[in-house]
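A.B. asks: What follows is each chain in one-letter form.
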Amino acid sequence: MISRSKVLAALAMAVAAMFTALPAANATHAGQPTVQELMSRCAGADYCQFKPYGAMTIFNGSRQLAGSGTNCTSSLMTRVINYSATTGTKNTFGVEISGGVELGEIFTASIKASYSVEWSFSSTKTDEIRQEVAPRKKVNIYASKQKSRVNGTWEIHFGSRYYGHYYWYVNGSVEGQTKGQAWDIRAEEVKAVC
Amino acid sequence: MKQMISRKLAAVLAVSGAIFALVPAGTASAAQRCDFSFSTGKFGCTGSSSVRKSTDVIGARIYTGTDYTGDMLTIWVPQPCPKNDKVDHFMNLNNSSWRNRVNSAQAFSTCWVWLYRKDGNRDGPFQSNHPDLTFAGDRTFQIGLS
Chain Z
70 MISRSKVLAA LAMAVAAMFT ALPAANATHA GQPTVQELMS RCAGADYCQF KPYGAMTIFN
130 GSRQLAGSGT NCTSSLMTRV INYSATTGTK NTFGVEISGG VELGEIFTAS IKASYSVEWS
190 FSSTKTDEIR QEVAPRKKVN IYASKQKSRV NGTWEIHFGS RYYGHYYWYV NGSVEGQTKG
250 QAWDIRAEEV KAVC
Chain W
10 MKQMISRKLA AVLAVSGAIF ALVPAGTASA AQRCDFSFST GKFGCTGSSS VRKSTDVIGA
70 RIYTGTDYTG DMLTIWVPQP CPKNDKVDHF MNLNNSSWRN RVNSAQAFST CWVWLYRKDG
130 NRDGPFQSNH PDLTFAGDRT FQIGLS
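Protein sequence lines, in the order shown, are assigned to chains Z and W.
Numbering-wise (our numbering), the first sequence opens with residue 70 and increments by one.
Numbering-wise (our numbering), the second sequence opens with residue 10 and increments by one.
Calculated directly from the structure, the hints in this document are not laboratory data.
Backbone N, C-alpha and C define an ideal beta-carbon position, used for all residues, glycine too.
Treat the hints with care, as some may be off.
[Claimed, not checked] Reference listing, derived: stretches of chain W covered by chain Z, where coverage requires no fewer than 3 residues with Cβ under 8 Å from a Cβ of chain Z: (1) 65-71; (2) 74-87; (3) 114-125; (4) 132-140.
[Unchecked claim] Covered stretches of chain Z, going by a simulated chain W footprint (3 or more residues, C-beta under 8 Å): (5) 121-130; (6) 201-214.
[Unchecked claim] Label pairs and their in silico Cβ distance ranges: (7) Z:GLY163 to W:SER59: 26 to 36 Å; (8) W:ASP141 to Z:MET146: 54 to 64 Å; (9) W:LYS95 to Z:SER229: 22 to 32 Å; (10) Z:THR193 to W:LYS95: 50 to 60 Å; (11) Z:GLN133 to W:ASN101: 47 to 57 Å; (12) W:LYS62 to Z:TYR232: 17 to 27 Å; (13) Z:SER191 to W:ASP94: 42 to 52 Å; (14) W:THR55 to Z:ALA203: 40 to 50 Å; (15) Z:ASN240 to W:ASP141: 22 to 32 Å; (16) W:LYS95 to Z:ALA178: 25 to 35 Å; (17) W:SER58 to Z:THR126: 22 to 32 Å; (18) Z:GLN133 to W:LYS95: 54 to 64 Å.
Next comes chain Z alone, as it looks inside the complex (with noise of 0.2 Å):
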């Protein structure tokens, strides 16, 4: 016969596993999934959602070269120059998160919740300027974006045990950029190779 005091610490015990949890989750041995296999398996799971932590943080992407003009001539002349750039959203959860997916609509819902601002996945900035170049010089056309980063946790609820565990945690970061945020454009003369 087992005992009741037996009995008891296996109900207790039971009762305790079934619902822990481990927090940022990004152990990669054995026993414990990836960040990336337990991010690729939310959208699906019981419960998935952002919260985020901390300020939105707001920063100036790097620049891209976006166009150009040259003038090989020997005299100053006025030029047409075309220019486009496009940023995108990346993440530290190895996962895609954007606008085509589960994750990308949760997470949108989740900033507008909570910043009260549309988070836009990507941004393309396309127009054309006219310039003056000087005699054996080139234009660039440099564009930045302004950007945003939030830092949020990930909290995923299973049905079943997953890797021994019904709650999960996975903190992380997201940059892109909100709705509205502006572009940078720049010119910027340097010798032409003629």
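For this one, chain Z is given, so just place chain W on it according to the hints.
C.D. replies: Just chain W now, with coordinates in the frame of chain Z:
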């Protein structure tokens, strides 16, 4: 015998109910990330692993600033809130930086967050993300999780 075991099991489960705890006074300077566990009764600002049991889940996060800024306190509970029409966990904010400054909060793991005032009234329940609780957070001396 079956009845006795179920009584004892109920007693085991009830241990996690209506836990009352105190956050240490005068803790947390600007923009700290701190943790408190109802399982261990420990409080710390150097990472959750030294505070919580490995089986704990997050019950809530509260912040001194709006939009989840300022000092962050992660409250760990032994299990998800059981939704038993009771407030299962009470935490007195004592003289910590969160007292009268719970200006945003997030509920985790089926828990709902209640903000208690000194006069006995409470605001809530708050579920999921709440970036601005200034209407109630400036009078909050105790947190409840249900």
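A.B. asks: In terms of beta carbon proximity below 8 Å, does the stretch 74-87 of chain W have 3 or more residues touching chain Z?
C.D. replies: holds (count 6)
A.B. asks: Please verify the coverage claim for the stretch 132-140 of chain W: does it have three or more residues whose C-beta sits within 8 Å of some C-beta in chain Z?
C.D. replies: holds (count 3)
A.B. asks: State, for the Cβ atoms of LYS95 of chain W and ALA178 of chain Z, whether the hinted interval 25 to 35 Å holds or is violated.
C.D. replies: At 30 Å between Cβs, range holds.
A.B. asks: Okay, THR193 of chain Z versus LYS95 of chain W on CB: inside 50 to 60 Å?
C.D. replies: holds, 53 Å
A.B. asks: Take the C-beta atom of ASP141 of chain W and the C-beta atom of MET146 of chain Z, compute their distance, and say whether it sits inside 54 to 64 Å.
C.D. replies: holds, 56 Å
A.B. asks: Is 47 to 57 Å right for how far apart the beta carbons of GLN133 of chain Z and ASN101 of chain W are?
C.D. replies: holds, 53 Å
A.B. asks: Range hint 22 to 32 Å: satisfied by the CB atoms of ASN240 of chain Z and ASP141 of chain W?
C.D. replies: holds, 23 Å
A.B. asks: Residue count check for the stretch 65-71 of chain W against chain Z: does it reach three with CB-CB under 8 Å?
C.D. replies: holds (count 4)
A.B. asks: Should the hint that GLY163 of chain Z and SER59 of chain W are 26 to 36 Å apart at their CB atoms be regarded as holding?
C.D. replies: Once the Cβ atoms are compared, 27 Å apart, the range 26 to 36 Å for SER59 of chain W and GLY163 of chain Z holds.
A.B. asks: Given the hint of 22 to 32 Å, check if LYS95 of chain W and SER229 of chain Z actually sit that far apart at their C-beta atoms.
C.D. replies: Since the Cβ atoms of LYS95 of chain W and SER229 of chain Z sit about 27 Å apart, the hinted range of 22 to 32 Å holds.
A.B. asks: Do GLN133 of chain Z and LYS95 of chain W keep their Cβ atoms within the hinted range of 54 to 64 Å?
C.D. replies: holds, 57 Å
A.B. asks: Does the hinted range 22 to 32 Å hold for SER58 of chain W and THR126 of chain Z at CB?
C.D. replies: Holds: the Cβ-Cβ distance is about 26 Å, inside 22 to 32 Å.
Hints 6 and 14, counting from the list given before, are not met by this structure.
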